[in-house]
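2 protein chains.
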Amino acid sequence: MKAHLTSINDIAKALGVSASTVSRALKDHPDISEATREKIKAFAEKVNYRPNALALSLKKQVSRTIGIVVPEIVHHFFSSIISGIEDIAYSKGYRVMICQSNEDLAREQMNVQALLDHRVDGLLVCLSKSTNDFNHFLSVYRSGIPMVFFDRVCKEIDTDRVITDDFNGARLITSHLINSGCRRILHLGTHPQLHIGQERLQGYLQALNDHKVTPIPELILRCDTPAEVHARKDELVKLAKSIDGIFAVNDSTAVAAMQILRNEGFSIPRDISIAGFGDDPIADMIDPQLTTLEQQGYQMGQEAMNLLLERLIDKQDITESRVKIFQPELKIRKTTRAMAMK
Amino acid sequence: MKAHLTSINDIAKALGVSASTVSRALKDHPDISEATREKIKAFAEKVNYRPNALALSLKKQVSRTIGIVVPEIVHHFFSSIISGIEDIAYSKGYRVMICQSNEDLAREQMNVQALLDHRVDGLLVCLSKSTNDFNHFLSVYRSGIPMVFFDRVCKEIDTDRVITDDFNGARLITSHLINSGCRRILHLGTHPQLHIGQERLQGYLQALNDHKVTPIPELILRCDTPAEVHARKDELVKLAKSIDGIFAVNDSTAVAAMQILRNEGFSIPRDISIAGFGDDPIADMIDPQLTTLEQQGYQMGQEAMNLLLERLIDKQDITESRVKIFQPELKIRKTTRAMAMK
DNA sequence: GTGAAAGCGCTAACAT
DNA sequence: ATGTTAGCGCTTTCAC
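Protein chains in written order, with the numbering used here: chain A, 198 to 539; chain B, 198 to 539.
A couple of the hints might just be wrong.
No distinction is drawn between identical chains; accordingly, a pair holds when it is met within one copy or between any pair of copies.
Unchecked claim - Here are the simulated DSSO-like pairs of lysine-lysine, each with C-alpha atoms no more than 30 angstroms apart in a straight line:
#1 Lys243 <-> Lys257
#2 Lys256 <-> Lys243
#3 Lys531 <-> Lys435
#4 Lys326 <-> Lys435
#5 Lys243 <-> Lys352
#6 Lys326 <-> Lys521
#7 Lys256 <-> Lys224
#8 Lys238 <-> Lys256
Don't read these hints as lab results, they were simulated from the structure.
All chains should be built: construct the whole structure from the sequences, respecting the hints.
Take a look at the structure:
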């Protein structure tokens, strides 16, 4: 029993004028006489009139709504990005529709479709881990709807992107581990099709190379969530005896590994140094505090939205696609040893 | 240069039939001949036709979209609730629009308005901390749009609600503190206008009373974020000497307090026991692991969406408003001492 | 079995 | 200064 919300037609009938007069009066069109305008505005106010955004979008062919697709809202990094996006969006009169892919390709495809069905003006997306087919994005691209990827981007499509310098971050933090004395560093990495995973792995390898440390294939594992760490506990504990450092692809994985190792009697960082990626809030709440790389989630979100807005508002046909790279900042805390002199 | 997406009219023109025929064919209306139907469907498939959700909503006067207003997406409890909501919503063909109030009344009002403008079929809301005026919700209520409050509810309006038994949870965990030997328990509470804050405070007081422990007014502070804990560090440290337990209104506040106390040389739980509320993921990642109360966020979200759906779909005029109460479960971990015998 | 017409709420070009 | 008309994309009643 949803009550009928007052429409412009209702006002027109009630006041004995035409709908167009009401429409014009409400937006201060100069043609409308002072008297009529006041009368209409007063009435609209009284009945609490609000324009129907759906009708407006249909008419104008512009929804002033943008769609966001992220893997999972629960992660601090993603929710920070969303906040950054929203703050810019709101300030420009845009709304956002947020969808979670739950790291699942099928759901991601559904999300994109639903967003298109709702005629969003643009799309902001971060790929799911399992996305190995890009046709759903390709068709968005072909249809000419502006789209900006952030963090986990799609190299296969030439769009604007906002990313972290994953390679450099990984190289930086791995160097720090080496400089503080580590030589056998376990890397807990993510899915190989994920660009960021590749970059972080390459950065890790580059750092080893920089320091003439021989990489050890057995020390590169795919293991990127606390759940997986726990599932592979035995393997990890076995490896632990032969390693002196861990570089995990994200903080929660690093923390989970640390918990297990400490329970097994290893001292952090004395026996094993640990480093993460992302600077999740847990990183400085745990003891010892986690050495990691700070990612500017909020700012990345702002930047992504700004890139999209430039295509939406200025419409100046920007032909080249732009890439904004954020440098992650090394946060040396307590899970790694102080730098030894070189 | 957003490309024009194919409409039913486009298909009609291309195929030399009327729009109504296309519409009917696409939804398998029995009147349409096999041949025409196949022809239309094949063409629609080819041009990747998708119905315009905006036009549909306008026509049907139903958007199959529900609006969510939460304080901040970054908190695990809220994002879990959102996941619960979404999973149920999707399974029933509903979309969600998520808005953050950022604990700000003005933004909450704007959010509600924007959601109504978009003609959401229903609203799911958790109040901001600063909300002391309920007119925006009152007008939703009067307009007959179904609305369900969760967690931080609005007592002033008679709607469906999904809540945690905050009183009982607080009583339970405070009792646990007392049973394990605490007598001077500091309560770090939240804003007084927040119902959940009142309930948790009352539960705390009830437990003291149950155990004939005299409440001490100086040990009841309003301090509900890590930032505030740090801002009031000196006060906290000064109090620390005279207390033997802390019950914080949420886990992040409890953890922040623990960090400060440990840095000051207090041993947890030997000198001071600490308990939180909510069972945030950090609770079992920190060392010592935090004793707290588990809140069923995901299930609460599911329940809230189900209550809303009953009003949306079944439409059976449910007159009485329903209240679902979730019992929080005590998670005794390492920041409190083992129970002493009674 | 298919089409024409009206209407959801709104705007804008075109009357008057 | 105001009204009429058409149309955004879609559905549905009423014709034939």
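Here's how the hints hold up against the structure:
1. Lys243 <-> Lys257: both (27 angstroms within a copy, 27 angstroms between copies)
2. Lys256 <-> Lys243: both (26 angstroms within a copy, 26 angstroms between copies)
3. Lys531 <-> Lys435: both (24 angstroms within a copy, 27 angstroms between copies)
4. Lys326 <-> Lys435: within (28 angstroms within a copy, 49 angstroms between copies)
5. Lys243 <-> Lys352: between (54 angstroms within a copy, 27 angstroms between copies)
6. Lys326 <-> Lys521: within (21 angstroms within a copy, 36 angstroms between copies)
7. Lys256 <-> Lys224: Classified as both: same-chain Cα gap 16 angstroms, cross-chain 25 angstroms, threshold 30 angstroms.
8. Lys238 <-> Lys256: both (22 angstroms within a copy, 27 angstroms between copies)
Going down the numbered hints, you'll see the structure goes against none, and every one checks out.
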